[in-house]
Every structure is written in structure tokens, then in C-alpha cells.
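Asks: Protein chains in written order, with my numbering: chain A, 1 to 767; chain B, 1 to 767.
In short, the hints are calculated from the structure, not lab data. Some hints could be false.
Any copy, or any two copies together, can satisfy a pair, since identical chains are not distinguished.
As the list claims (entries may be wrong) - Once the Cα atoms are required to be at most 20 Å apart in a straight line, the calculated SDA-like pairs of lysine to any residue come out as:
1) K209 to Q512
2) K209 to P242
3) K209 to H754
4) K236 to S507
5) K15 to S740
Protein chains: 2
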Amino acid sequence: MTVGQSIPRVDAHAKVTGTAQYVGDLEPHDAYFAKIVRAPVANGLVRGFDLTAAQAVPNVVRILTCFDVPDIQFPTAGHPWSLDPGHQDISDRKLLNQRIRVWGDEIAVVIARDRVSAERAARLVVPDIEAYPAISTPQEAMQPDAIPLHEERPNNIVARTEFHVGDGSFAQAVDTPNTVMVSGHYHVPAVQHCHMELVHSVAYMEGDKIVVISSTQIPHIVRRVCGQALGIPWSKVRVIKPYIGGGFGNKQDVLVEPLTAWLTTQVGGHAVKVELTREEVLGCTRTRHAFDWDVQAVATADGTLLARTYRGFANQGGYASHGHAIAANASNVFKQCYRDRLSLDSESFTVYTNRPTAGAMRGYGIPQGCFVMEALTDDLAYALHMDPLEFRLKNCVEAGYVDPHNGITMHSYGLDQAIAKGRAAIDWDRKRAAYQDQTGPVRRGVGMAIFTYKSNVHPFSLETASCRMVLHEDGRVSVQMGATEIGQGADTVFTQMAAESIGLPVSHIDIQSTQDTDITPFDTGAYGSRQTYVCGTACKLTGQSLRAKILEYAASMHARGAEGLTIRDGIIYDEADQQLCTVAEVGMESSYSRTHSLHITAEETYHCEQNSFATGVCFAEIEVDIPLGQIHVLRLVNVHDSGKIINPKLAEAQCHGGMSMGLGYALSEELLFDDACRPLNANLLDYKIPTAMDTPDLEVHFVEIEDPTAPYGNKALGEPPTIPVAAAVRNALLHATGISVNSLPLTPQKLIEHFREAGLLGGNRHV
Amino acid sequence: MTVGQSIPRVDAHAKVTGTAQYVGDLEPHDAYFAKIVRAPVANGLVRGFDLTAAQAVPNVVRILTCFDVPDIQFPTAGHPWSLDPGHQDISDRKLLNQRIRVWGDEIAVVIARDRVSAERAARLVVPDIEAYPAISTPQEAMQPDAIPLHEERPNNIVARTEFHVGDGSFAQAVDTPNTVMVSGHYHVPAVQHCHMELVHSVAYMEGDKIVVISSTQIPHIVRRVCGQALGIPWSKVRVIKPYIGGGFGNKQDVLVEPLTAWLTTQVGGHAVKVELTREEVLGCTRTRHAFDWDVQAVATADGTLLARTYRGFANQGGYASHGHAIAANASNVFKQCYRDRLSLDSESFTVYTNRPTAGAMRGYGIPQGCFVMEALTDDLAYALHMDPLEFRLKNCVEAGYVDPHNGITMHSYGLDQAIAKGRAAIDWDRKRAAYQDQTGPVRRGVGMAIFTYKSNVHPFSLETASCRMVLHEDGRVSVQMGATEIGQGADTVFTQMAAESIGLPVSHIDIQSTQDTDITPFDTGAYGSRQTYVCGTACKLTGQSLRAKILEYAASMHARGAEGLTIRDGIIYDEADQQLCTVAEVGMESSYSRTHSLHITAEETYHCEQNSFATGVCFAEIEVDIPLGQIHVLRLVNVHDSGKIINPKLAEAQCHGGMSMGLGYALSEELLFDDACRPLNANLLDYKIPTAMDTPDLEVHFVEIEDPTAPYGNKALGEPPTIPVAAAVRNALLHATGISVNSLPLTPQKLIEHFREAGLLGGNRHV
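Next comes chain A alone, as it looks inside the complex (with noise of 0.2 Å):
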């Protein structure tokens, strides 16, 4: 079994040694550079452009404005296109603006020959600008007086989803006797993805066909969005995915590949590129939603949960993006994770503000909707004075769950598991009860937070991917996956995939990390954390397919049939047993034979119309310095259940990344704003993600229950990690002082204000 080893990564050798060529490696040597000119407000009008200084700097080769732009609105959520028009994505921006929604917004662009001449001519562009007032929050957005962002949605509602579960109602619930009744307004707030390489696209022409070189997640869709954005057919673009240096999300949004493509074509097909600064990157691509909601729930005094209410609101910016989606991801985890016996309301409004857009980003809402799930819960469980652990198993979600509104489905149930193997990792028991009475400045917590994911967009989106392989006469085997490596080892499992499936060591196949959407079997991208699940279905088939084809070739040079016939370690054996030939062999003489020359090839596509969820916990142990306001984590502990493992090294190193993720977003990740929506903080030094003296050593384990619906009982694994954290930092802060924070980050300033108002420092002392 090749599935489930821990092989090193397959592009190890590469990214250590500077080999893997990124999309900065692979641009023309000649490449124009494209500087953004930007608004300099966050609401507001383009009335006209002065460009005389602009143009009169030496190397700017055109200077191109909201004005010249066709006149086409696209969308840029990565998502599946639909021929369902109803369920398109939401086309509300064109390639340049001439209505400012952002701070930032794209409103000219000067290409010159060097970026400092660029970057010298964007900064003498004279816009003259109507400015209309910023809008900073979804509540204000949705004041009948408040500026409609987008003509064609007056009330700056971009959606609107709400559902309601169980035959009872919450007002049942309340009158129940003997319950308990908890509610809280939470706040979670924006923050940026921080992938490591930048935001950079180059375009350029070979005849008549647009080339994009980009660092995305989605380069079918990106193919798509540049065809609709620049109104010419889809294949007329050809899209290269490289090695890419993370996404997490914001590279699942079209951001900039629509307008290189656009621009290339505006100086005769001269290879453009556009390369966003950190700066950029942080203030003006997307960001994680800020959300508010007001949430009530009810239990009984044994701790059976009754009801909840949840209405939220989601600030999405001044574009659409991928916002629809988001709120309606982020309320459907409350069902999928707890059992009202009663009733379940939601309700969600995503609402266009001044504020960045925001889009898709790790755990795609899950994070937020699981921050205030689980506040609630432990808020819940500690006006109970029970045990929260003990609360969660009492009302989690059980094997075999349904979602009644899309049907998803449990096949595979390990979160009991996964709590039990936390619980004695961390010796729950022991530290809640050592934890109890704590007095003195520095105290100590545990808490935890669970949650559920999908292992892919079905059914609301399609699900579909594919794959090809060659065989090569030394009997190694290209893979040409259209799903994507964005760093996160996707290459390395189908890697191991390919080699279980076709029956060959993992050193005889070869995946081919670049995506091109010219060639490359089609797939919709790296996202969703469906990948493993859907594109390793893809690929496993075309491993049985090619196998086959392997095997009935053997057969025909040994004059046999194919029946009986298996492959172990790139070896052929018959129904006895006995070495028949190599792979090797056959690959050199199906190449070469003079009588029955073969290319050998498989392709297959998977159409999938299965879905399962992932589960799991984090068990977070701090220490909280109270005259600081700091929090200093001790443990963190995630325990997955995400089916089997495909490989478990790699496995360890996605969860670290994501509770890394997670850990910024519990104690100091935030995009602050001024009242004209200008970001604060839009850099590396003022935005605070963990360095490694933040984090503690991260303890990753999983619950391996294979997943019938998977191809090697794999489920989701790729956003999952980040999801947790926040919530179970929040809620040992709960254990160790009793005090509940409703809003992330968990700043030292905003603990001191808590730990002030709850008596714990200053006059009000009560240590």
C-alpha cells in the first residue's frame, strides 16, 4: 500500500533546491509592468483624468482608464460556471471602475517598460473624484438613506438566506420549564490570507490566443472569467498554472488575470504583467467576512439542547465576489454540528459595505460560524455549570446525519472518536477540574471547539474533475492532474494515488504540477477542500483505466488474455503468481513494437454526485497573564476525523499550517480601517500573523474511519484545521477567568478592557 505512507513531498526536491519554476520565473524577459492606479477613496465617481504628467514620464508605454474598458460586467468567485443563469455568480464589476466601491479600487493602469517608471507615472495620474461618504458596516449599508454600491441592488443586499430546523420553535423552547437561556452579540473580524508569494499575473499573445501566466488556484475558471470579462470565447485564453506559493482562498477569486489578459491585448499582444505589492495584496484583493451575529439558545438543566437562534450579518465589501455563498456556508454549520430537540432558526444577510471585498478563504465561513457555535456552546455549558465536553457529546451531531436541506450525509462518523482522543491527549479531565478555582494574576484554561465540513461543493455547485496518464517506455507514468498544487501536498497524494491505483512505486510516476488549460484534463480547482475527494477519485479511475490497458498489452505480447493478471511494484504477475514481465517492458515494447505499436493513455473524468463530511475538535490549554491581557497557548491539540489518511506526514503539516491560521485569528490577525474604510494595516509589520515564537508545538491526531464514499476513504482535510482554533482558545479564556469574549481577536487591549469591566484588575480587583 502506497496509500497512508508518509513519502515525502513530491516537489520537495524542487522547492528546496529553487528549481520549481514560479509565475515570476516564467514571464518573458521583455514583460511590460502594469502599475494599478487606485482610488484614493472608498466611495465615490471617476469624473474624468488628468494624465499629462503621467504620460510625460519616460518608458510608460500606455495609460489606459475606467474610460477605455469594455463595457462588461463579470464576476470573480471561483466557482463552477452554471447553465442554470439563476445560480450564476453575481457580475457586478468591470475591469476598471469608474464607480469607486473600495478603497483601492482599480480605476487606470500604466503599463511601462520598468515598474519604477510605472510605479513613478501611477503616482502622477490625476483623478478628479466625486466622493460620496464611506460605508463601514452591513447595518449601516442597510439604512434606507444609505448609497446603493451597485445600481442593481438598491438596499446593498447581496443575499439573503435563512432556514429553520426541528418541529418545535424557539419560543417553545423558551417557555419550556426548567431551562437555561444564553445569548450574546459576536463579532469576528476581517483578515487577510498572507500567502506567502504575492498576488501576479502575465499576459501575453501568440496570434490571436491570449496566454495568462498565473499564480491562481482555479485556472479553468480563470480561463472562463477572462473570456466573459473580455466578451471573446473562452478557448480564445489559455491559462498556465506554475508552482504557486499558497492561496488559501484568495487565489480562488479571478483578481487580476482578466485584466493583464485585457491589457496585453491593448499594446499588440507585448507580454504585460501586473505583480501586486504586499501592500496591495493585503488591502485590495479579498478578505476572510467580518461577521456580527446575535444568537440565543436554550437547554434544558440537564444539559439537552433545545433551540438557537442565529442572525448574522456578513460584511462583504464593495464586490460580490464569492459573498452569496459564504453566509449561507457559514449558518449551515450550526445544524450540521448540534441537535436542537426543538428548533434551529438562521438567518443571514450578506451586505455590500466600503469595506475590501471579501471572498473565499480558508474553511469558507466555517470559521466564523463555528467562533460563535462554539462560544455559544461553552457560554451555554458554563451558565449549565457543566462540563462542556460533556455538553457536546450529549448534543453533537450523530452518525449517519442527513442535512434535510441538501441532503449531505454522514457516511462515515469518527467525531466521538476525535473528542475521546483529544480529551486524553490533553487530559481534559484532570486541568478542567485542576483549572477550576483558579485565583492570582496568571491562570490557566482548557477549552475546545468542534466542527463538521463538507469534503466538497456538491450539491451546490458541480463536482467534476479529471485526469490523464502516460506511460512512458521506462515504465514510469506521467499524471496530468486539472486539479491543483497550491502548496498544500495535493500533488504528493495523487501522486501516491496514481501508484496504488495503477499497482507502480511512487518513484515511476510523475505528476505534471503545471496546469494548462489548453491541454490539461479539465477540473475546477483547488478549493473546498475537495481535491483528495473528488480529484483523487478522478485520478484513481484513470489508474484503473490505464492499468487495464497496461495489462491487456502484457497479455497480447505474451499471447494471453488479460484476465488474472495483476501489477505489484511495477511488476506483472500471472494468476499463479509468477512474474510475468515489467511494466517497463511493456512500456518499451508497446512503443517500439514494429508490429503493434501502442501510445499507452488513459483519461477519465469523474462526475461526482456524493458529498461527506469531515469532523473533528481542538483542545486548546492556555495560560492567561491577566494584568497583560495576554494569552500565551500552551497546547493545541486537533484531532481529525477525516477518513483515511492518505499520507499522515504531510497530513500533520496541513493541520499545523491551518491551526498557525488558526492561532492568528484567536489572538492578533485583524484588518483595521479608518472611517473612510482606508485599511490601517495593510502590511507584514502592523498586521500580526503568528511567528513561530507565538506558537506552540502543534499536536495533530486523527481518527482513521475510511469513508465509503471516497476513493482511498479519504475525506476532507484541507481547510479543516483552521476551523476550531479560535473558538477553543475563547473558550479556555472562559475556563481560566470565567469571562466570556465575544469578539476575536483576543487582543491584550481588549482582555484588559474585559478583565477591567469584570472586576479582575485596577480598584475592581478581586484577586
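Since the structure of chain A is provided, determine the placement of chain B on it from the hints.
Replies: Chain B only, in chain A's frame:
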């Protein structure tokens, strides 16, 4: 019908606008430059090097010598691998050679950060060489005391081939009463391909894979030979062939790729490029073989050819390359053009010398064979006082001809019609008569020459080809051919064939001009005029397969069967010729169907065990200035029996290029050497290729008899146009002056000598 239309070249736009990418456009930005240190003698042994001065040059990264390379000998000929060791190419060189066999042999290499430093250091490398006398000719090399160039071949003979055809013997013919015999010694020189783009290769490593970007005709063969030369699995090498600027057979040899591939492994995978200068390409790559022939022919007085003997010596130069195959090919043309009623005897030797290595060049020996054969034919007709056209009609090969040794069959025959068409075009009969009895210093003549040419290399080598097609969402189709565009227009005819076989307009076909051996369907490359015939069939089969899949999907969309459905111009019609839907609708639905998504692609191998002869004729009208010794070609008419012409305009252009190359061979081209085998004119100033000023209007006609074995009735056309030109010009000179010049090129100096000897000039002048 798309096939048969003169659509513009599909790469015209990209090439004209400069957006087509060549090797130089694709090299990594920081590639090192490698300069080869070349032997300053043509025969000798390297005893050692003094590298002190070279190593002191700034920016030098590494200097490697013949003492550093792997002890592996490898072949360089661009032939398919043979599973029969006896049929494999001769492995007679290493990456760098200690034993020097040609002037400029590769003995060391300097890698530096830039070209200037590499070149400077290369000049400072001091080799210690033991020099041996240089061997210029096969005759010298075959002397018993000649120094063997390769110890495996002590007599320096690379190959000897002979054959006999006919039930009689030459002696029998000689003894026949009332016959005429002619004999002669013929010589053709070494010439060079003079492709516009130089020999250029860049290699770097991605992980443990070596990526080689190369200007080659044969990417899959380059991969294999790199694997052989480095002693690594073949698929650990990835060869990428972008647009290339001509090859003409020189790039059907693996010239610098193995060295480049090895160099990157010696600098940690950093990119290294090798770009030969024009002087290196002319003097140190490959040449057309120089040949010497001693021939005799006997015919009856009424012009019936009885018997011929040919004894030929091919000057192989220092390494075997394609040599063993070319002399055999050259001699085959003798039997494949004429019927000797009694006997034909041919014996050919291919012999190592210290001249530059001879290899493949357009026509692959046939231009040489055709020159001697057709010169001899005219000499015989002249001796018989017979119209050489009538002699040819009486003796040339007939419809249905089958080569007795290899079974290649004249499946379609248009030679007679081609001769008739050319006879009329040049006004042969009137001019033969008009130029009969000229006197004076300036005279005119008309001459002709015929040829036959195979349409691929079966049964000498494997013929296999494959193709893949991808249907895109917008109904356009990407086509990946293993076969290579090298400037000849292959991609355009494949586009037409793909459009034809699927049922799409050519604008909906998007051919991928770049081959990448990791993923491109397998093919052996551009040579042997095989691609339209062999690879065209792969293209047609794949188009038919894709078409069937499109129809099947369209049928499923309409809940019906696929029988009766057809595609015309991108529209699908039912049995009643009613429009069912479009291919674009199938593309969109199959990509995004929520119930049955399917990535529609097709891939097929064509294993070819067919071949067919193309034939043709060249007519030349010249004016010769006897005192100046100068030939002015007034008209040149080629008529080709190449079956159905896929793209007449492109075919005509192909002929123009070939005829121009033939004109250079006739009049001016010859690589010159001193006694030490040092090239004297390895530059485009002293080596004379025809300019536009030297070239008359080139006239081309086709006899379009469809060949039943070809995908669209087509036969070889790539190489043929070059073949008969030199002989036709030479025979026109015979007509004009009565003088047989039996060597090429027909330079003024040579003509003056002949004219003086014949008494046409000076004291002996008869005019």
C-alpha cells in the same frame, strides 16, 4: 472540404507579429552560458588541459573536460529506437571526446554567468593534444594503413550495402550487340542546411528531472538519447520543443541536447544554455554527405536501358550519425526510378573520415543519388542521340512498382502525368529543338530530372504516430500532435485534417505547436516526409474518435441514439438533415452538466505499416555565359506527384523552399576544407546560398492522384522539391554546351576549366 483549401498558415499571425516563442524566448532569466571548447585539429588525442588561465576569468562557474564526462557512448541519429540491438544506431561518441575525430570536436566546455566570460575563458583553455594526420576522403580512410577513427571499426567502414536487381548481369548487357555504354565518375560535395535559427538548447532541473528546451525536429528521440547519454531512465528527461526556425535534417540529429542536459546536472540544476554560433553550426554540426560514384550504364540503340552499375563512397566524417542509412537510401533511388532490363548492381560504402560528421539533410541521400542517376541518364541519352525525356518515358518506373527488397509499392502513380505537365509548361519540345545547334558565347539549354521518394520510413524503421484532442466549453478543439512543426507548415495541414475529420471550421481548431515529451502524444518527429502521411492518419483517426464522442453526448442530450448524426461546420445534424444542436452546446453541456459532466477528449495511435512512392520531375531552362563560366537559371519548373494536396498554397511554398535549396546545391554551395580538414568557409559570407537575386520565379505544378493508403490521398512532399533540381540544371548545361559536368556545384571556376578543356574557350575556342 477543408482539406484541399489554401487556408493561411495557422502560425502566420504569431510569427509575423513576433509573438511566436522560440528556445531563446523560453530560457530562464538567469541561465548560464556554456561555451564549447573545440579541438584545433581534426584527428588526434587529448592528453590533458591547462585550465589555469581560463579558471581565472571572472564569472566562470565551472570548466568541464572530456575527462569528466560519463564513460558512455551514445548515438545521435534521429531514428526511432529499435528493440533489435542489431538495428540500433551506432553509439560512437561521448558527451565530450578525448579522441578527436573532427576539427572542432567537443573536448571541453566552460560554463559562465554570461556569454562573454564563457567565450573568453574558452579561448584560454589550453589543451595538450597529440595530433594525427587528417583523413579527408573515404578512399584514404579505407587504406590498410589508415588510422582507425573508432577502435570498433578498424577499417573505418561504417557500413557497406549492396544489391542486385534483374535476372541478367552487367556483363551480359555489355555483350549485347548494338548497345551503347557510358561510364563516369561523379562527385557531390558536403553542404550544410543553413536553417535560419541556430542550434540552441537550454536545460535545467526540476527536482531530479532534467528539462531540456531545444530547437529540434525530434523531441521524443532527443529525450531517449539524453537518457542514453547520461545513463538515466529516459523519462527523467523532459524535452520541450517550442516554435523552431528550420531544421532540414540537421535537427533530426541529437546535436547539443545531451551535453546541455548533463551540464545542468553539474551545476546543481541551474539553467545552462548552449547556443552555437553560425560558424559552429556550419562547421561542427552535420552536413549533407559528400559522395563519390563510379557508374556505368548500357542501353540498346533504341534507348532501352539494359543495365547499370553503381559503386559509391559516402564521406561520413568523424561520427556515424545517420550515415549507415543514407548511402543505402541514396542507392535505392536507382532501382526505384528506372527499369534495367537485365541488371542493376549497386555497392555503397559509408566511411569515417576527419571531415565534419555527415547526417540527415532534406532528401536523405536521394539528392545525391538523383544527381548521379540523372546525370548518367542524360549522358546515356546524349550518347544515344535521343531526347532524354523520351528515354525516361521509355525506361522509367511504372504504375504498381514494388521495390523487390522492401516491398514499398507505388500505390498511386503520376510520374507520367507529371512529366507531361512539365513538358508542356517549359515548352520542352520546342526548346529542345530551338537550342539544338547553338554557337556563340551565350547559349541556352533545357534539362530535366525525375525522382521517386517514399512517404515515410516503413519498413526500414518503426512508423508510429499519435494525437490527442480536447473539446473545450466553447466548442473549439485543442489538438496535440506528437509530430512537429519546424517551419514546414505541418501544424496547418494537421489543423485542416482535424477540422475535416471532426466536422468543424478550421477556426475552431487550436493546434498546440509545442511538444513536451512528458505529456505530448508519442511521435518520432519531423523527418522522412512522413508527417502528413503517417501523423496525418493519427490526426484523422483521433478526429473521428472525438467526433463519435461528441455525437454520442449530443445524442444523450436529446435522449436518442447517435446513429444518423453528422457534424458539418460545427453544427450537428440528424438523419433528416435538421439541426440538432451545435458542437459548442455539447462543449458547454458536457463541461457543466449537473447530471453527466464529461471531459470529452480523444487520443489515438496510428501504427503504420504502409508506404507509397511520391514522384516528380524538375525542368530547368538555363542560359550559360561561356566566357564567364556562369549559369543563369531562367526557369525552374517542378511538377510533383504527391497525391492529394492538403493546402495548395502551403505546398507551393514548400516547393519554393526546396527548389531554392536545390539551386544552391546546383550552383554555389560547397563546404571547403584544407588538407587538415579544417573548414575554410564555415560562414554565410563565404558559403554561398542563393539569394532572391539568384533565384528565378519558381514554378510549381501538381498532379493530384489520390493515394489510397494515405489519410487524405496525400503523399510525401516535404523533401522532394530539393531532389531533382541540381541534376536538371546540370542536364540543361549538357543540352546547352554538350559538356557533361559530373560534380557539384557548377561554379564558374569549374565550368571555365571544363569549357577550356572542351575547347570552348581561349586558344582552342571553336566559337
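Asks: Need the list of violated hint numbers for this structure, in ascending order.
Replies: Per hint list: 3, 5 violated.
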